[in-house]
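A.B. asks: Using the hints, position chain L against chain Y.
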Amino acid sequence: MIIDINFIGLIIASIMASAVPLILASCGELITERSGVLNLGVEGMMIIGAISGFALMTVTGSLIIAIFGAMLAGVLISTIFAFLTQTLITNHVATGLALTIFGIGISAMIGKNFVGIPGKEFPVLFQGLKDTIPLLGPILFGHSIVFYFAFALPFITSYFLKKTKIGLIVRAVGDSPESASNQGINVRLVRYACILYGGAMSGLAGAYLSMIYTPQWIENMTGGRGWIALALVVFSTWNPIKILIGAMIFGGLTIIQFHMQAIGVRIPVQFLTALPYIVTIIVLVVISRDSRKIRLSTPSSLGKSFHKDN
Amino acid sequence: MHKFLIRSFVSSLVLLFTLTVAAVAKDVKAAFVYIGPTGDHGWTYQHDVGRKAVEAAGFETTYVEGVPESADAERVLRQLANSGHDIIFTTSFGYMNPTNKVAKEFPNVKFEHATGYKREHPNVSTYAARFYEGRTILGTIAGTMTKSNVIGYVASFPIPEVIRGINSFTLAAQKVNPNIKTKIVWAFTWYDPGKEAEAAKALIDQGADVIAQHTDSTAIVQMAEKAGVYAFGQASDMDKFAPKAVLTSVENNWGPYYVDRVKAVANGTWNQKDTWHGIGDGMVVISGLDSQMPSDLQAKVKKLQADLASGKVHSFTGPIYDQKGNLMVAEGKTADDGMLAGMMTYVKGVEGDIPK
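Residue numbers (this note's numbering), protein chains in the order written: chain Y, 1 to 310; chain L, 1001 to 1356.
Distance condition first, Cα-Cα at most 27 Å in a straight line; then the derived DSS-like pairs of lysine-lysine:
| id | chain 1 | residue 1 | chain 2 | residue 2 |
| --- | --- | --- | --- | --- |
| 1 | L | Lys1240 | Y | Lys112 |
| 2 | L | Lys1029 | Y | Lys112 |
| 3 | L | Lys1244 | Y | Lys120 |
Computed footprint of chain L on chain Y; a stretch qualifies when at least three of its residues, placed anywhere within it, have a C-beta under 8 Å from a C-beta of chain L:
| id | segment |
| --- | --- |
| 4 | 202 to 216 |
| 5 | 220 to 226 |
Since the hints were made in silico from the structure, they are not lab data. Quantities reported herein were computed from a predicted structural model and do not represent experimental measurements. No residue lacks a Cβ here, since even glycine has one placed at the ideal position from N, Cα and C.
Okay, chain Y solo, but in the shape it has when bound (with noise of 0.2 Å):
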């Protein structure tokens, strides 16, 4: 095998792709987090955002209307949850893994007339330029606007958490919804918005498997990312940028052991395919073992339900 630099630029710009979605989606649910909402089914906002995105595609001939229509899908559904925990008061747990079951079934029910059909070809910006550059030309150019907006993703939200008002507001709900609401701040109301931005994530997640990276629907297709989006946003410890991190390792390692793999390491099959799981877990909890600053980002009423009247 020929190692030259543009193979390593390939390399890491495919890593990047596969990044994409979990980035979208732990960067939605980590401000749902941060408002204090535990929502575990951002695999079903994920999956009905990928089912919307490739069916109004389909059926409209728009990439506009259905990537919107893909975040729109994850916020209705979203809603659905917000209802339930912020208005019904139901357990936050139950009500997100129930969520998640209702995504992946109706997501089904609805992509029964899509299967089989191909995607359309997304446009990328600056395709011209990729060759400009070695290594870096592959890398920052040739790319869909998703893609773009994936990676200047977590350090907008780093900026809106910590530097604006709206921000501060998201963590006060979070860490004392009691102290928030005493301040004349509206808890249920700020709770719906970052539920309903959350799904609105997903949904571009999914989209961004249905309609860019692999362009077609099938049942199920998200596999699991949801999941993973859930995880990276606690291993993490509520820190954006570390979700960055922690996207890149699990991508790149999953793409690095196929190419093991057909190097011909003589390393075990089915430890290459737990590589990925493994690292990045122990990266993340390394990064971030300073006890202190996890006893500041973790929203302290994670997952407890607020009524007003307490």
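C.D. replies: Here is chain L on its own, set in the frame of chain Y:
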């Protein structure tokens, strides 16, 4: 009055009898048990295409999808047998024991188990397809079309069905091009489009210019299309997903067999059988050949297809050696079905080890 009563009684009896006979002749109900969702566009999808053929032939059908290969399968089978189904197709290897167990309890119901080998009761038949014949054709094409002499192969799980496919593919490719190298990557999934695409991408980045697959989704042929290399469709014709990349597809065609067996139940001619059909019987279908293939290759493939169908050529004709150089099939002999069914060693020329 008396006469009238008798007459109407007799005529209603006659009517009832005709109705019953008509009902018996028409009322064969077939059930299908699926391992995956019908929307997988792969294994289960193709079985469901077969089921629709049975429906089109005028029979009532039912199906249950996503049935785990556990005690759940027994429960589903019992339920189907109890609710008036005359013939039940169980379409995954793992249903072997549940099928035989439930078959014992319902001797009047016919059971058809796909890809298994246990027929413990007279009402159990087994059937499978010789997909490896299709892979002989794919190997021939791949060996001819490759320029880099590196062929990528995305595999699912290390079971005889998959190993047999890899061997048959490699033997055929080597026959036309002794310099080729088959790189195998195990995805450990039957379908996960993202993972399959990543596996294919890794193989392409390492110089493979023809990609074969033994996983189910269309992600691999789409990746090949994007990268400008060749690929083959799996289970169904995938040409429309990647018109430039797909040279041909190997299709699973269960419909004729299903219609045949359900009709046999209706006619009362159903008997226990072990069916292993290939290209010759139409259970394995080679889709149209892409025009990018040179005409002499197309002619060669057509001839090979005809010879495989007639039995003149066998995918595993000796001499065949394993990786260590031990003789597996002697010169002039062909591998028997027992050897094929349990094949768990690579032939010479395949690189790497089978994951244990």
